[in-house]
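Colleague: Chain A is already provided as a structure; the job is to place chains B, C and D on it using the hints.
Chains as they are written, first to last, in this note's numbering: chain A, 1 to 283; chain B, 1 to 283; chain C, 1 to 283; chain D, 1 to 283.
Hints may be right or wrong, so weigh each one.
[Stated by the list, open to error] Just a few of them, taken from the derived set where beta-carbon distance is under 10 Å, the chain A residues facing chain B:
#1 N35
#2 H39
#3 D43
#4 F194
#5 H205
#6 Q206
#7 G211
#8 D227
#9 Q234
#10 V236
#11 L250
[What the hints assert, rightly or not] Simulated coverage check for chain C against chain D, where a stretch passes if three residues somewhere in it have a Cβ under 8 Å from a Cβ of chain D:
#12 41-54
#13 121-132
#14 212-220
#15 234-244
[Unchecked claim] Incomplete in silico selection of chain D near chain A, CB under 10 Å:
#16 L106
#17 K253
#18 E283
Hints listed in this document are in silico derivations from the structure and should not be mistaken for laboratory results. Please read all numbers here as calculations on a predicted model, not as lab measurements. The C-beta atom is built at its ideal place from N, Cα and C for all residues, glycine as well.
Protein chains: 4
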Amino acid sequence: MNTKKYTLTVTCPDKSGLIAAITNCIASSKGNILNLAQHTATDISMFFCRVDFAPEEGFEVENFKSLMEKNAGEFGMVWHLFDWAKKSRMALLVSKTSHCLYEVLLKHQDGQLHCEIPIVISNHPDLCAIATDFHIPFFKVDPEKGKAACEADILNLLKEYSVDVVCLARYMQILSPEFTRKWENKIINIHHGFLPAFKGAKPYHQAWHKGVKIIGATAHFANEDLDQGPIIYQDVVRINDTKSIEEFVLMGKDVERKVLVEGLKRYLNHNIFLHEGRTFIIE
Amino acid sequence: MNTKKYTLTVTCPDKSGLIAAITNCIASSKGNILNLAQHTATDISMFFCRVDFAPEEGFEVENFKSLMEKNAGEFGMVWHLFDWAKKSRMALLVSKTSHCLYEVLLKHQDGQLHCEIPIVISNHPDLCAIATDFHIPFFKVDPEKGKAACEADILNLLKEYSVDVVCLARYMQILSPEFTRKWENKIINIHHGFLPAFKGAKPYHQAWHKGVKIIGATAHFANEDLDQGPIIYQDVVRINDTKSIEEFVLMGKDVERKVLVEGLKRYLNHNIFLHEGRTFIIE
Amino acid sequence: MNTKKYTLTVTCPDKSGLIAAITNCIASSKGNILNLAQHTATDISMFFCRVDFAPEEGFEVENFKSLMEKNAGEFGMVWHLFDWAKKSRMALLVSKTSHCLYEVLLKHQDGQLHCEIPIVISNHPDLCAIATDFHIPFFKVDPEKGKAACEADILNLLKEYSVDVVCLARYMQILSPEFTRKWENKIINIHHGFLPAFKGAKPYHQAWHKGVKIIGATAHFANEDLDQGPIIYQDVVRINDTKSIEEFVLMGKDVERKVLVEGLKRYLNHNIFLHEGRTFIIE
Amino acid sequence: MNTKKYTLTVTCPDKSGLIAAITNCIASSKGNILNLAQHTATDISMFFCRVDFAPEEGFEVENFKSLMEKNAGEFGMVWHLFDWAKKSRMALLVSKTSHCLYEVLLKHQDGQLHCEIPIVISNHPDLCAIATDFHIPFFKVDPEKGKAACEADILNLLKEYSVDVVCLARYMQILSPEFTRKWENKIINIHHGFLPAFKGAKPYHQAWHKGVKIIGATAHFANEDLDQGPIIYQDVVRINDTKSIEEFVLMGKDVERKVLVEGLKRYLNHNIFLHEGRTFIIE
Chain A
1 MNTKKYTLTV
11 TCPDKSGLIA
21 AITNCIASSK
31 GNILNLAQHT
41 ATDISMFFCR
51 VDFAPEEGFE
61 VENFKSLMEK
71 NAGEFGMVWH
81 LFDWAKKSRM
91 ALLVSKTSHC
101 LYEVLLKHQD
111 GQLHCEIPIV
121 ISNHPDLCAI
131 ATDFHIPFFK
141 VDPEKGKAAC
151 EADILNLLKE
161 YSVDVVCLAR
171 YMQILSPEFT
181 RKWENKIINI
191 HHGFLPAFKG
201 AKPYHQAWHK
211 GVKIIGATAH
221 FANEDLDQGP
231 IIYQDVVRIN
241 DTKSIEEFVL
251 MGKDVERKVL
261 VEGLKRYLNH
271 NIFLHEGRTF
281 IIE
Chain B
1 MNTKKYTLTV
11 TCPDKSGLIA
21 AITNCIASSK
31 GNILNLAQHT
41 ATDISMFFCR
51 VDFAPEEGFE
61 VENFKSLMEK
71 NAGEFGMVWH
81 LFDWAKKSRM
91 ALLVSKTSHC
101 LYEVLLKHQD
111 GQLHCEIPIV
121 ISNHPDLCAI
131 ATDFHIPFFK
141 VDPEKGKAAC
151 EADILNLLKE
161 YSVDVVCLAR
171 YMQILSPEFT
181 RKWENKIINI
191 HHGFLPAFKG
201 AKPYHQAWHK
211 GVKIIGATAH
221 FANEDLDQGP
231 IIYQDVVRIN
241 DTKSIEEFVL
251 MGKDVERKVL
261 VEGLKRYLNH
271 NIFLHEGRTF
281 IIE
Chain C
1 MNTKKYTLTV
11 TCPDKSGLIA
21 AITNCIASSK
31 GNILNLAQHT
41 ATDISMFFCR
51 VDFAPEEGFE
61 VENFKSLMEK
71 NAGEFGMVWH
81 LFDWAKKSRM
91 ALLVSKTSHC
101 LYEVLLKHQD
111 GQLHCEIPIV
121 ISNHPDLCAI
131 ATDFHIPFFK
141 VDPEKGKAAC
151 EADILNLLKE
161 YSVDVVCLAR
171 YMQILSPEFT
181 RKWENKIINI
191 HHGFLPAFKG
201 AKPYHQAWHK
211 GVKIIGATAH
221 FANEDLDQGP
231 IIYQDVVRIN
241 DTKSIEEFVL
251 MGKDVERKVL
261 VEGLKRYLNH
271 NIFLHEGRTF
281 IIE
Chain D
1 MNTKKYTLTV
11 TCPDKSGLIA
21 AITNCIASSK
31 GNILNLAQHT
41 ATDISMFFCR
51 VDFAPEEGFE
61 VENFKSLMEK
71 NAGEFGMVWH
81 LFDWAKKSRM
91 ALLVSKTSHC
101 LYEVLLKHQD
111 GQLHCEIPIV
121 ISNHPDLCAI
131 ATDFHIPFFK
141 VDPEKGKAAC
151 EADILNLLKE
161 YSVDVVCLAR
171 YMQILSPEFT
181 RKWENKIINI
191 HHGFLPAFKG
201 AKPYHQAWHK
211 GVKIIGATAH
221 FANEDLDQGP
231 IIYQDVVRIN
241 DTKSIEEFVL
251 MGKDVERKVL
261 VEGLKRYLNH
271 NIFLHEGRTF
281 IIE
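Next comes chain A alone, as it looks inside the complex:
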């Protein structure tokens, strides 16, 4: 990532000539396409395109943007341009369990998450030592003050630390509709069940009593419908019927941490397209 790079995402109704229009716009602005992925969802006649390109001698970002505006007008495109020189600032909200926090911090340390992590926030003190081992400030909000006051404290911290995206790494509290609306499509949650099957509390207990043969976890955007927001990534693990609920929980931890990190990667690499309540991941 030592060279300059942009990612362009485009969403619009399907039509002939879209890829040519996009690639011409990049080429005539002196951009060199590094990677192009696109998909036409024929079931709903929508077109999604994601292009990585490098600016070459003579590239002017404002020039590119005004060319894309013409495309947008002609084709009804919704588009975004991301500059890889600018990293998102991601806050981690946690509670008492450490496996997701550790995983995000370790993958970040390993250079696999394109973001900064300026702050860890929790309603319990338990995980403070882990955050500080990784040299990240840890703040505890006080649940005894009530949800509204807690959320106000969190919102202030997010503002103070210039946070762009929030990761609920097993936060275990339900955020208010006001909070999720304010941060719409910017809060990524890990649910420890294979949605939409086991919403709400104790999904592993639900799964055990139902006798399912495969359990899973889901990374999704949090919105005001609990565990119903658009799904980003999922994975599963086969269990057998000699496992106890406690063993489900242990096996589930490995799936959760993996799913959360894979979900974050897709967000931070601009692979997620949202349309009519679901995601399209274009890689």
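Modeller: Quick look at chains B, C and D alone, frame taken from chain A:
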């Protein structure tokens, strides 16, 4: 399977001494244990045990049964003894899609399903040629006569052909509560969705619109709650968001046929223990 | 597939401007891009691109070809244009086991393999009935005549039936170097082991004695080095150590048939790029 | 694990009456069987059995042992009795990469590895901080002293810290035959390739150039044949051909750490039976 073999299954509340009691009963009846699998579900304090044994010189089945009755009284055991010389007779109910029918017939031909298949029943004529290619009589019931008359015809055929177990190999009709109660825990259905997530009609459409990243299929006992009966086997396949609903359907077919056959194997090999609305598969 | 469609594949050393050159060539020939997938293998600085496009009013294939020739000269491109109106003609070579033959015929019947299957050839009579059930002529070559004579007979049949590609669906004979050279990159074999681990005969026996915990199968191009040709597709299944060699074989069958069909799909859909002895599958 | 528990493992040639003999021995010694798993490997006529049992009022371990000795004489049994009150002491040997070290320490902290970890040894100082964060003494041996001197230092440390089992958590040095013979079947290595396919150095490079579609990792006992020792656990991940070698390495890390921990669990829970150069994992 050229030698004599029995399978014993035992279910009871957990207690000290159960395995010793069972193995002693077999040994003192002159049975030689070939395989023993057992599980104590600590979450509900229940014990499940499955033993394969071969009768040796001097084994008398009635003698064995009366010894087991004493155990049953002492420990509250529910037990069954299956003689592998006797094969179940399984009817296949189908509709228009052939992939599950083919799979069951091919695995049966390959010796992987311990049963006889004396009859294929359908409400459409389309798959008749396949059944007869495999030398199995095919009967068409007439949906225009109404559900009650159709089911009466099916019940008569099941009786006439001495059927023990019914496999719904994509039958696509909802059986009446009277039918499912009469054949309780003897009807195995393949649902083309990962239960309990997508019950009812068009599960792949539901899954696509929800944007799930993994789809699946479920073999389960049919009961009066549609697609809610105890789960026997499940499998999944990862999809990506460039797949259309039609492609979900195609990918799903391979999962369905595999899941159905794996479910049937567990039934026919006496691996399924039912307890409080869920199965425990002991292998 | 009721509308006209072309697939273009391009391989060349990586360079700036490749995607723009290709998309411009298509657009200026009046082609409408339906799908574009591309990959730059940074480890070897090679570029691979696959484009589906539909001809629009005014498209002339010869015009397109001469434009692409200019690109080819400038960028060192190797390119192919496939017209989807023309189906490949695929011969199936089989021996005694039926699972791969059935699978290819069923998937073909289901419309999942874009080819014609004009002929089935075997060195044993066993599978004749299956081929004829699917209305495909079956020819037996006589192994007692010796390998050279057999292969001569096969080559004559391939010519007579205008065959383009050969599928070894568990053929179990080693083809001579003369044969594989003549049909280089046009013979697809299914090997019942996870290459490069278990080459040659009885891979499941080898795997069992080694005590591996996962077994697999590999679809690959056959060349003169036995089981060493470029790999097209692989899949695996977890086994546990209570399985016998015979059970490995049974479990392996399901993997083999799936892997073979997935390999054939990638060939027939023009997803396979060959470079320096390995494939790049671009989807 | 707060109650007393023993695990008995038995290996012998297959014969009628083995399970009855074992269960009778436990019952007559006043042991209560908690779990029994057994397997007869019909391909080699060998019997493997693993029993967990709790001592009840009147159980005497010496009494049990002398009863088992009689069985051993009669049936040719090789048997071991493990007391769960006694934990193995496992040394971790590491080099510069941290993912396996972190994983073992985190799973140990989470109570999933039944052992003590008294020491971490490395030939590089890089991972010292991690070990000490988890309050485990870290020792650096000096590679400049030469392999023999280094190994002598390691052997002294293993003795000093009363180590029972050695885990090579990406140690990256080849141990001498003297070392591996001395610690035969007590050194568990993680190899970052799917053995037996890619032995030796840079397995991900080998895999990439071969064009395999699935990569994996293998936990195995280290012996004097490099990467040839008995396999304990394996897992794989599907890759696609748009991945670079560097991405193989990153994806591989997650597989490696998982496989290593799963291998260690099977060792520490006494699930591994060794016979004729391969393992049988009985769970």
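Colleague: Indicate, hint by hint, whether the structure satisfies it.
Modeller: Results of checking the hints against the structure:
Interface restraint check: N35 (chain A) against chain B, minimum CB-CB distance 15 Å, threshold 10 Å, status violated. Because the closest C-beta pair between H39 (chain A) and chain B is about 4 Å apart, less than 10 Å, the hint holds. Contact between D43 (chain A) and chain B, as hinted, is supported at the beta carbon level, the nearest pair being about 5 Å apart and thus within 10 Å. Residue-level restraint check for F194 (chain A) holds (minimum Cβ-Cβ distance to chain B is 7 Å; threshold 10 Å).
Restraint check, H205 (chain A) versus chain B: the minimum CB separation of about 9 Å is within 10 Å; hint holds. About 9 Å separates the beta-carbon of Q206 (chain A) from the nearest beta-carbon of chain B, less than 10 Å, and the hint is met. Hint status for G211 (chain A): holds, given a least beta-carbon distance of 3 Å to chain B, under 10 Å. About 12 Å separates the beta-carbon of D227 (chain A) from the nearest beta-carbon of chain B, more than 10 Å, and the hint is not met.
The restraint placing Q234 (chain A) at the interface with chain B holds, with a minimum CB-CB distance near 4 Å, inside the 10 Å limit. A distance limit of 10 Å between C-beta atoms decides the matter here; for V236 (chain A) the minimum to chain B is near 6 Å, and the interface restraint holds. Because the smallest distance between the Cβ of L250 (chain A) and any Cβ of chain B comes to about 14 Å, over 10 Å, the interface hint for this residue is violated. For a cut-off of 8 Å, the count of residues in the region 41-54 of chain C with a CB near a CB of chain D stands at 3, and the three-residue condition holds.
Under a criterion of three residues with beta carbons nearer than 8 Å to beta carbons of chain D, the stated coverage of the region 121-132 of chain C fails, only 0 such residues being counted. Proximity of the region 212-220 of chain C to chain D, defined as three or more residues with a beta carbon under 8 Å from a beta carbon of that chain, is established by the 4 residues found. Given as covered by chain D, the region 234-244 of chain C passes the check, having 7 residues with a CB less than 8 Å from a CB of that chain where 3 are the minimum. Annotation: interface hint on L106 (chain D) holds; nearest CB of chain A at approximately 6 Å, less than 10 Å.
Below 10 Å, beta-carbon pairs count as interface contacts, and K253 (chain D) has one with chain A at about 8 Å; its hint therefore holds. With 10 Å as the threshold, the beta carbon of E283 (chain D) comes within range of chain A, its nearest partner Cβ sitting at about 9 Å, so the hint holds.
Hints 1, 8, 11, 13, counting from the list given before, are not met by this structure.
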